[in-house]
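Chemist: So the sequences go chain by chain: A and B. Going by our numbering, the first sequence opens with residue -7, and the numbers climb by one from there. Going by our numbering, the second sequence opens with residue 281, and the numbers climb by one from there.
If you're looking for bench data, these hints aren't it; they were derived computationally from the structure. The model shown is predicted, which means the values in this text are computed figures rather than measured ones. Do not take every clue at face value.
Stated by the list, open to error - Part of the chain B face toward chain A, derived, beta carbon under 7 Å:
| hint | residue |
| --- | --- |
| 1 | G323 |
| 2 | L324 |
| 3 | Y329 |
| 4 | D365 |
| 5 | L370 |
| 6 | Q379 |
| 7 | F381 |
| 8 | G382 |
| 9 | G384 |
To be verified - Over 12 Å on every C-beta distance to chain B, these chain A residues come out as not near it, computed from the model:
| hint | residue |
| --- | --- |
| 10 | Q(-6) |
| 11 | V5 |
| 12 | I12 |
| 13 | D16 |
| 14 | A33 |
| 15 | T55 |
| 16 | Q73 |
| 17 | A83 |
| 18 | S85 |
| 19 | K92 |
| 20 | H102 |
Using N, Cα and C, we set each Cβ at its ideal position, and we do this for glycine too.
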Amino acid sequence: DQQVKQNSPSLSVQEGRISILNCDYTNSMFDYFLWYKKYPAEGPTFLISISSIKDKNEDGRFTVFLNKSAKHLSLHIVPSQPGDSAVYFCAASEENRDDKIIFGKGTRLHILP
Amino acid sequence: SQTIHQWPATLVQPVGSPLSLECTVEGTSNPNLYWYRQAAGRGLQLLFYSVGIGQISSEVPQNLSASRPQDRQFILSSKKLLLSDSGFYLCAWRAYNEQFFGPGTRLTVL
Chain A
-7 DQQVKQNSPS
3 LSVQEGRISI
13 LNCDYTNSMF
23 DYFLWYKKYP
33 AEGPTFLISI
43 SSIKDKNEDG
53 RFTVFLNKSA
63 KHLSLHIVPS
73 QPGDSAVYFC
83 AASEENRDDK
93 IIFGKGTRLH
103 ILP
Chain B
281 SQTIHQWPAT
291 LVQPVGSPLS
301 LECTVEGTSN
311 PNLYWYRQAA
321 GRGLQLLFYS
331 VGIGQISSEV
341 PQNLSASRPQ
351 DRQFILSSKK
361 LLLSDSGFYL
371 CAWRAYNEQF
381 FGPGTRLTVL
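The shape of chain B in the complex, shown without the other chains (with noise of 0.2 Å):
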């Protein structure tokens, strides 16, 4: 069966320090992955998703970026974090038509 894990599952950060957060997927090849932030009042909002290795498509222009170094290995970072960025962060693969989850990281910036 397919496993998703990301890690940490919790992150405080100063305003202005790097981000990375890492997602990984087991059990399935080539997956297509995305990231996700769901912030207070805003419901999921998609940020990156990527159909193959170093294939990356942004969603939303803002401070964070995302890289697939290898086949089930996802990304997302920040150079620089702002307040803003505070959120859940999801990341998910889809199997055909249905989308699974990871158990996200709440990030709090500070």
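In isolation and in its complexed conformation, chain A is listed as follows (with noise of 0.2 Å):
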């Protein structure tokens, strides 16, 4: 039972548009969100959180937004690099929980020049 999906397993954007990464959950006790960006052989490094109780989160070209009632949140670039391109994951978990954060499978983002 997948709790975090991300339905697109990539998107392409061109240069200086606008790039939207979607996210829903179905576990309603999630109350943390993060976004990680993933090059190629490396690991994932942290991008931008946001807590249940904001809808919105901004940290300089991105910004979360979470949209509690439908269980969904998304993540804009703008406006996207060529150095954007990598692969996104979406996790959730339970603030303050110390056991695990669960990640979606990803999408990779391919910004055209």
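Starting from the two chains in their separate frames, assemble the complex, guided by the hints.
Modeler: See below:
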């Protein structure tokens, strides 16, 4: 049973335009959400997170939106740059629990020149 | 600052051979430690996690095992590798609500 779903395996966006990566979750106990970026042959690196008490968190070119009623979150990257080409993982957890963070399968983002 | 080490970086092993991947963390004490595998089309699959020495939780039944002999050491093992064990293995530790990953080990089973 997949608790965190990224239904788009890949996405291609023109350089300079907005990239929107989507994520859905099923566990209503999740209250903390994260996005990670991964290049080939490297470990994922943390990008941005959001707690369920917020509906938006912004950090530079990256903004995460959370819609709790729809159990949906999205990552917006604007403007998209060539270095943004990577696999993006959505993850969720129950805040302050010390066991596991659940990851989605990832979306491969291609930034086109 | 905290650092996470994994070795080896790459490994090619024949089917049926044993496996030992090591992960160590510096700069923190009593971390929660995790082993993930990234296989083609499978995303990040949680294999094991540990909240303390000798405490291992298994997420996926398979021919792999994990051990935590020391506070900052996490080992992934197998007695006999299968072809399906090929993948990119990542160790991670958790601080509060964020998780930090090591550089990974690329395992190819032939």
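Chemist: Which numbered conditions among the earlier hints are violated in the structure presented, ordered from lowest to highest?
Modeler: 4, 10, 14, 17, 18, 19
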